[in-house]
Every structure is written in C-alpha cells, then in structure tokens.
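J.: Each chain, letter by letter, is given below.
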Amino acid sequence: MLVKKLMRQNETYIFFVIVLLAFVIQARSGQFFTPNNIVDLASALVVPGLMAIGAFMVIISGGIDVSFPALASLSIYITTSTLLDMNYQGGMLLPIVMVCVLGALFGAVNGFLIAQFNLPPLIVTLGMSSVFRGFMQGALNSRQLATIPEGMSSFGTSALFVAQNRTSGLSSRMPVSFLILIVVLIIIFFVLKYTMFGRGLYAIGGNETSARRAGFNVWKIKFLLYVIVGVIASLAGLIRVCMMTQCHPTNMLGMEMMIIAGVVLGGTAITGGTGSLTGCMFGTILIVMVQNSLILMGIPTFWQGVFLGMLIIIGTGISAYQVVRANDPARKNLGRARL
Amino acid sequence: MDQEAFPGGIHFAQKGSDTVMAQSLLKAVDVKKSFAGVNALKGINLEIYPGEIHCLAGENGCGKSTLIKVISGVYTPTSGHIEMGGKSYNKITPIEAIMNGVQVIYQDFSIFPNLSVMENLAFNSELADKRKLVNKKRMRQIAQDAIAKINFDVDLDEKVGALSVANKQLVAICRALMFNAKLIIMDEPTTALTRKEVNALFQIILDLKAQGIAILFVSHKLDEVFEISERFTIMRSGELVATGNTAELDDKKFTYYMTGREIEDLTFTPENVSEEPVLEVQNLKLDGYFDNINFSLKRGEILSITGLLGSGRTELALTLFGMRKADGGTIRIDGKDVILNAPDKAIENGIGYVPEDRLTEGLFLPRSIGDNAVIAEIDKLAGKLGLLADKTRRDEGERLIRRLSVATPDANNACNTLSGGNQQRVVLAKWLAIDLKVLILNGPTVGVDIGSKRDIHEILHNLAKEGLGIIIISDDLPEILANSSDILIMRGGEITASLKPSETNVAELSGYMM
Numbered sequence: 001m002l003v004k005k006l007m008r009q010n011e012t013y014i015f016f017v018i019v020l021l022a023f024v025i026q027a028r029s030g031q032f033f034t035p036n037n038i039v040d041l042a043s044a045l046v047v048p049g050l051m052a053i054g055a056f057m058v059i060i061s062g063g064i065d066v067s068f069p070a071l072a073s074l075s076i077y078i079t080t081s082t083l084l085d086m087n088y089q090g091g092m093l094l095p096i097v098m099v100c101v102l103g104a105l106f107g108a109v110n111g112f113l114i115a116q117f118n119l120p121p122l123i124v125t126l127g128m129s130s131v132f133r134g135f136m137q138g139a140l141n142s143r144q145l146a147t148i149p150e151g152m153s154s155f156g157t158s159a160l161f162v163a164q165n166r167t168s169g170l171s172s173r174m175p176v177s178f179l180i181l182i183v184v185l186i187i188i189f190f191v192l193k194y195t196m197f198g199r200g201l202y203a204i205g206g207n208e209t210s211a212r213r214a215g216f217n218v219w220k221i222k223f224l225l226y227v228i229v230g231v232i233a234s235l236a237g238l239i240r241v242c243m244m245t246q247c248h249p250t251n252m253l254g255m256e257m258m259i260i261a262g263v264v265l266g267g268t269a270i271t272g273g274t275g276s277l278t279g280c281m282f283g284t285i286l287i288v289m290v291q292n293s294l295i296l297m298g299i300p301t302f303w304q305g306v307f308l309g310m311l312i313i314i315g316t317g318i319s320a321y322q323v324v325r326a327n328d329p330a331r332k333n334l335g336r337a338r339l
Numbered sequence: 001m002d003q004e005a006f007p008g009g010i011h012f013a014q015k016g017s018d019t020v021m022a023q024s025l026l027k028a029v030d031v032k033k034s035f036a037g038v039n040a041l042k043g044i045n046l047e048i049y050p051g052e053i054h055c056l057a058g059e060n061g062c063g064k065s066t067l068i069k070v071i072s073g074v075y076t077p078t079s080g081h082i083e084m085g086g087k088s089y090n091k092i093t094p095i096e097a098i099m100n101g102v103q104v105i106y107q108d109f110s111i112f113p114n115l116s117v118m119e120n121l122a123f124n125s126e127l128a129d130k131r132k133l134v135n136k137k138r139m140r141q142i143a144q145d146a147i148a149k150i151n152f153d154v155d156l157d158e159k160v161g162a163l164s165v166a167n168k169q170l171v172a173i174c175r176a177l178m179f180n181a182k183l184i185i186m187d188e189p190t191t192a193l194t195r196k197e198v199n200a201l202f203q204i205i206l207d208l209k210a211q212g213i214a215i216l217f218v219s220h221k222l223d224e225v226f227e228i229s230e231r232f233t234i235m236r237s238g239e240l241v242a243t244g245n246t247a248e249l250d251d252k253k254f255t256y257y258m259t260g261r262e263i264e265d266l267t268f269t270p271e272n273v274s275e276e277p278v279l280e281v282q283n284l285k286l287d288g289y290f291d292n293i294n295f296s297l298k299r300g301e302i303l304s305i306t307g308l309l310g311s312g313r314t315e316l317a318l319t320l321f322g323m324r325k326a327d328g329g330t331i332r333i334d335g336k337d338v339i340l341n342a343p344d345k346a347i348e349n350g351i352g353y354v355p356e357d358r359l360t361e362g363l364f365l366p367r368s369i370g371d372n373a374v375i376a377e378i379d380k381l382a383g384k385l386g387l388l389a390d391k392t393r394r395d396e397g398e399r400l401i402r403r404l405s406v407a408t409p410d411a412n413n414a415c416n417t418l419s420g421g422n423q424q425r426v427v428l429a430k431w432l433a434i435d436l437k438v439l440i441l442n443g444p445t446v447g448v449d450i451g452s453k454r455d456i457h458e459i460l461h462n463l464a465k466e467g468l469g470i471i472i473i474s475d476d477l478p479e480i481l482a483n484s485s486d487i488l489i490m491r492g493g494e495i496t497a498s499l500k501p502s503e504t505n506v507a508e509l510s511g512y513m514m
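Line by line, the protein sequences are chains E and C. Anchor point for the first sequence: position 101 equals 101 in this note's numbering, and the numbering is continuous, going up by one each time. Anchor point for the second sequence: position 453 equals 453 in this note's numbering, and the numbering is continuous, going up by one each time.
Bear in mind the hints are in silico, worked out from the structure with no lab data behind them. From the three backbone atoms N, C-alpha and C, an ideal C-beta is built for every residue, glycine too. Hints may be right or wrong, so weigh each one.
Unchecked claim - Calculated cross-link-like contacts (lysine to any residue; reagent style SDA-like; alpha-carbon spacing at most 20 Å):
hint : chain 1 : residue 1 : chain 2 : residue 2
1    : C       : Lys159    : E       : Met196
2    : C       : Lys149    : C       : Leu177
3    : C       : Lys132    : E       : Ile186
4    : C       : Lys159    : E       : Val3
5    : C       : Lys136    : E       : Ile188
6    : E       : Lys193    : C       : Lys130
7    : C       : Lys132    : E       : Thr195
8    : C       : Lys136    : E       : Gly215
9    : E       : Lys193    : C       : Lys137
10   : C       : Lys132    : E       : Ile187
11   : E       : Lys193    : C       : Arg140
As the list claims (entries may be wrong) - Selected chain C positions facing chain E (in silico; Cβ < 8 Å):
hint : residue
12   : Ser110
13   : Ile111
14   : Pro113
15   : Asn114
16   : Leu115
17   : Phe123
18   : Asn124
19   : Glu126
20   : Ala128
21   : Lys132
22   : Leu133
23   : Val134
Assemble the whole structure, with the sequences as input and the hints as a guide.
T.: Set out below in structure tokens:
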C-alpha cells in the first residue's frame, strides 16, 4: 500500500535519481560519500534552497516570479551599504530585520501590481526585476563592497561543526545559516499544509474563479504571497553575502532560471496547483549536486550547463508527458471499451 | 434559517404541483439589468416555490445566466427587486443569497481539481467560519456529513480531478447542500453527462425535492425539460416569454417560445446520390479501439455513426481524418487506396473534420472570424514566394462567412465573440473553402440551441445535395433519425448494426448500443 502510494509520487522518482547520481559520482571519483563533500553540498544548498521555497510557493499559486534575485540583490545592497556607512559593529539581528523589511516592501510592490490589477505575474516580475536592478545600479550607484560589517562576516563563517576528510585532509564547515533553511522549511511546510492561507495558494493555483466563489480572499492571499517571497529571497541574499564576506550587486542575477528549474524538476506543475515542498527540495538538491559534483568527476565546468539543461528538459519532459497521458481522453475511455 | 421556517414548502412538496401555490421561496419582481446600455434583462418576473423543480430555458444569450447571477447576488439589478425569506432586496450580495439558501452549481462546478474531495467540500464552510488554520479532523467530518446527504460513495482523499464528470458534479451538489440550501440553481447540469449519469442526477433531484428543496434547472434540451420539471419559464432576448406548468407544454410550443419562430421538422431525403462510393472502408482496425469496420459512403449521402462513449466511434472518426494511424484495413477515396497517417494527408484527399468540442479543438478563439474561416485553404491563398496578401485573406474570409450566414457585424471580430451555433458555422465555413469530398462531423450540435441546430441541419442537407459525402458522429438519436440516409451503430469497437432511418426508431437504436 505504502509502496504503491510512493510509486505514484514524483518525489520517489527524483529521490532515486539523486541516489543513482550519488553512486555514479562515487564510482567515478570516490569522493561523494565523504564527510566534507556532504557538508559542502549542504552548505551550497542553503541559498538556492531558500530561494526555491519562495519560487515554489509562487508557482503553486499559478504565478511565477522571476524578480527574486534582483529583489534580493537590492535589499541586501541597501542593507550592507547602510550598515557600512554607519560603521555598524553589532550582531546579526539588525541586518536580518533590515533585509526582511526591505524584502517585504519590494515584494509588496510585486504583490500589489499582481493582485490589484490582475496583471500576469511573469510580466510584472520581469518588469520589476529590471526596475530593481536599474534602481540599484542607477540611483544607488552600486559597486562591489569588498568588506561587510564584522557581525555579518563572522556569522557567515561560523560553523555548527567541521567535517574532516581523513584521506584527503580536506575539511568543510557546516554553516550556522543551514539552521535558517531548516527553520524556514518547517515554517513554510506548516503554512502550506495547515493554514487556510497555504491551502488558498493551492486552491488559487487549481482554479482562481472557484477560489473566489468559495470565499477565499484572493487579493489578500496573492499580496501576502509576494511579500513572503520577497522576505525569503532577501534572507537568502543576506546569507549569501555573509558567507562570501563581500557584497556583489550583480552576482545573484540570473539565478532565477536555475531555481525555477529545480522547483519544476521536483514535480511542481508549472501551471500551478500541484507539487510538494519535499519534491521542490529534492529538485533543488539535484541541481546543486550536479553543479557541485561534476567537478568531482573531473568533467570540465563548461559541461555543467549542458548537463543541467538536459536534466531540466528530461526531468520536466517526463512529468509533462505523464500529464498529457493522464489527460488523453482516448486513453481514459479505454477502460470502458469492451475490447 | 432552516426548513422549518417554511411550513408551506413541505406542504407543497407533498401535495405536488397542481395544488394551490404556497408562499413563494423567491420572487423576482420586474428585474431589469443592463450592461453599458445593452438590456440583458428587460423586466423579469419570476416566482419559485419551495420544493418545486423549475426549468429555466432559452437559447444562448437570452439572459438566463444574467438572471441567475442577479438571483445569486453576483450582479446588482439595474431596477426591480428580489423577495426572499420574507424580505425585499433592491440589491442582494452573494452572502445574503447564500444565507437565504440560494446555491448555484455552475457549469464548471467551481471545483479545485488539484485538491482532495474533502477539501473541496469543506473549504466553503471553513472560510465562512473565518477559520485561519486547517483542522483535518473537522474538515473530514464536514465532508463526511456532506456526502451522506445524498448517499454519495466517494473516497474523500481522492483528488477531484481524477473523478468522472458525474462525480465532480455530485461533489458540487454535496457542497451546495451544506448551507441549508432551499434553492439549488443548476446551470445546464447535463451537458457533459452520459444518459445513465443523467438518470442518476434526476434521481438525486427528485430526492432533493422530497426534502423540500427547490431546483431551478437551466437547460435548453427539450426532452429533459419534459422529463424532470414541473414548471417552466422560457426566456428570449432578455424577456420572459412564457411560464407555467410543464404538463401544459408541448414540443411545438416549446420550440416556438424558445426561438420565436415556427420550426417545422426537417427530414433528410437523399438527392443526387452518386453511383460510385466516394469513401470505402474495409476491415479497418485500430488496436485497442476498433476492429473489422466496413462501410461505404456515396456522394449525397449522410451516414450517421452512433454508439456509447468508448464504443470507438470518435477514434474511428479521428482515424479517417488521419489523426490516428490505422493498424490494418484499407480506406479508398473515389476507388483509390489512400494512406491517411496525418491530417494534411486527409485534407489532400478531400476529407474534412469538425471536432466534437468546437471550442477547444476546432477554432483559434482569440483570432478573427475571417482568419478562422480561411485557415484550411491558407496554402491556396498564398501568392508567389508563399507570402499571404492581407486583402486576399480578408476578402476570402468575408465571402465564406457570408455563404454560411454567420451572424457577426465584422469578420475581424474575434471568434469567441460568437454564440455556439455561429462558432459551429465558422468551423463549417473553413472546410467549405477547400474542395471537399467527405466531411466528418463529431457531435455537430452538442451545446447548440434549437434554432441554430435547425440551421446547421439545413446546411448539412444542402451540402449533401451539392455532392458532399457526410459522416455524422452523434448520440443524439432523434437527430440521427431525422438527418441521415444510413445509420451505423458501434459497440465495443465493432459495428453491431447497419440500419435505414425509415426502418428503425429510438428504442431499437439504443437497444443496439447497450
């Protein structure tokens, strides 16, 4: 029964792919199942993982957000440069609060435009992405900030524990920010499953008109959604800056495609309404694994793009094919035909 | 409020429709509604009594939907008022309508295909209670109670999208019943149902009536109106043209009220039938769908193919149009063997196909009517270098839509501005543009009102007389009997009978189908 249920779920298949890939990498390099590699992977997962959670929520609601890297870049740039200007010496609390407030504010702009005027989310976020970027480069005259406040860099480099690879002598730190990913995951898991807001996202993604008729406040849900996504993306941006111990205004731009690809790879329907947070995380893990581990296999980095592209096309192609098959009326009726 | 507030209703339901009318459940008084100067409702007076089955009929665009939306509070009437639950409302909000026990089951059922039956059923009441958190236990209880009301046996954890159309409708009905419904408005509830499912639905409607719940049944299907309703109201271009007991209504009156014209019965008599068959099919086979299909069609004939859903009739049509590749057998056009493995091969051989669901399959709805009409001959219209002159395309489009008298002020309007019957005509127009030998129509009048249906039949008769071989796939048996020269019945992928319409009747045909 359980096996049967698992076999019907997309998550099971992507899990198998992850395991398979892990063994392939292990067989080729002997480096996959080493403590430091696992920790490296976990560390590399934090930022994409957080961003994927936000992208996932938007896609579930039937929308799409391509502005979150630009949004995060802007809020983190404002935060870092302001803190540097005031020669901030404190801990992480103020940066986190600042970046969250800014993220909420910018997300609210997206949310307002989408909810109020019923504009297509792709158009709004594509436009806002450009606005955020232009504002940062034009009005704020952004440039690379080689140093960041002490509190932020020490947070970025502090470790929960250090994993050591005895044979190679390499060691990797498990960043404290991994805990933030876990906390956000747990919160959003709860929100999606046990709040009417979360169920409302699924309902809107399934059928917006029906959701309105059922009594969901569609305006409020959409608005709140983009605010939350703005906050999560900005938080991810902050963590990235802390881990890199410098603030680069443009190096997150373009991440959106990889993140959305991971979400869709995890079985989330791009048309909205269907998908699970587990699948979304698996999809992101797969993307991060491919990015990190091709190096272990001695494959030149420029092949990464080819591999990832193929993975995305095959992965989403299979699920799209399954949808088409499930909706083929001829196949459905086959059961009724007496042949 | 609950049912005890309407003692008259229960009394009425027990005595039946011929007793003196009890206090009405809902009364619309001189309701007018206009949109940007267009009068959609021109002073409607409608009364609905507790526990009655009331049929609201009218052709597409007559104002039925507007009236429903006024009653359910979606639209505010321009003037007039609505009386419900002893109160008079100049404007009613959706919430007030629900509080007064009015529930609407829309054609699309307003369901969430991606969510479970439980959530689909429980959301409305959870939201009405302004709950913020999900309590699975309570929701399951709500859903359980809801399906128990009509003894609906369904897995609450199943996704609604995986249910059959009939079961989706039952989910919508269960949901409507949760709010102490006194009036359930069903908007064309039988459109996508099989005959068996319609019977089950009617049984449920009778059960609801027995509980004192009134049903406003929106339909334009004559036989259903007679079968289920006790009273009827017929609307035409925003006006109420007739209301009364169904017992006093007959086919002729119904049609007259609906269309405003006398429509004589049209029967097809083949003329100019060719000597040689234009299409011959021998031992045609598609694995898993049909086998051993043999028939021939002459120019000037109309061949009807009928059968239940899953009998292979649609797949046969698709195979003849090259959408599916046959696994065996031969197809001959004008005596020559042809291989039809793609639609353009079929078109090359003079075979045209009008799909079942004209809205999703046959037309580019957002594109202009003219563009849609010329699409099948687009290659011919192209000049040197394969480029398309705007003027040629437009002139040809206008010529075609005039030929089939499509009712539109401008061929440049988008196709989705047309009514169902007119859309069907555009689909026909696009096939008339090319030199056709055989035209296959799948469910040509599904969802089309009486007036347009009559027009479509007339067009088909004329096309046959002009020398076209026509195949109609339909399960509308009266339509088949009146409009064909031969009838084939399919069951389980085989032809079970081949009959002449003059030698058979509805009962015999359905006997062969089962």
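J.: Taking the hints in turn, state whether each one holds.
T.: Hints versus structure:
1. C/Lys159 with E/Met196: Distance of about 18 Å is within 20 Å: holds.
2. C/Lys149 with C/Leu177: 8 Å, holds
3. C/Lys132 with E/Ile186: 18 Å, holds
4. C/Lys159 with E/Val3: 19 Å, holds
5. C/Lys136 with E/Ile188: Since the Cα atoms of C/Lys136 and E/Ile188 sit roughly 18 Å apart, the hinted pair holds (cutoff 20 Å).
6. E/Lys193 with C/Lys130: Judged against 20 Å, a Cα distance of about 17 Å means the pair holds.
7. C/Lys132 with E/Thr195: 6 Å, holds
8. C/Lys136 with E/Gly215: 19 Å, holds
9. E/Lys193 with C/Lys137: Status holds; Cα separation ~14 Å.
10. C/Lys132 with E/Ile187: 15 Å, holds
11. E/Lys193 with C/Arg140: 15 Å, holds
12. Ser110: OK, holds: C/Ser110 within 8 Å of chain E, min 4 Å.
13. Ile111: 6 Å, holds
14. Pro113: The hint holds - C/Pro113 has a Cβ within 8 Å of chain E, the shortest such distance being about 6 Å.
15. Asn114: Nearest chain E Cβ about 4 Å off; hint holds.
16. Leu115: 6 Å, holds
17. Phe123: 5 Å, holds
18. Asn124: 5 Å, holds
19. Glu126: 7 Å, holds
20. Ala128: 6 Å, holds
21. Lys132: 6 Å, holds
22. Leu133: This hint holds: C/Leu133 lies near chain E, its Cβ roughly 6 Å from the closest one there, short of 8 Å.
23. Val134: Hint holds; C/Val134 Cβ to chain E Cβ min 5 Å, cut 8 Å.
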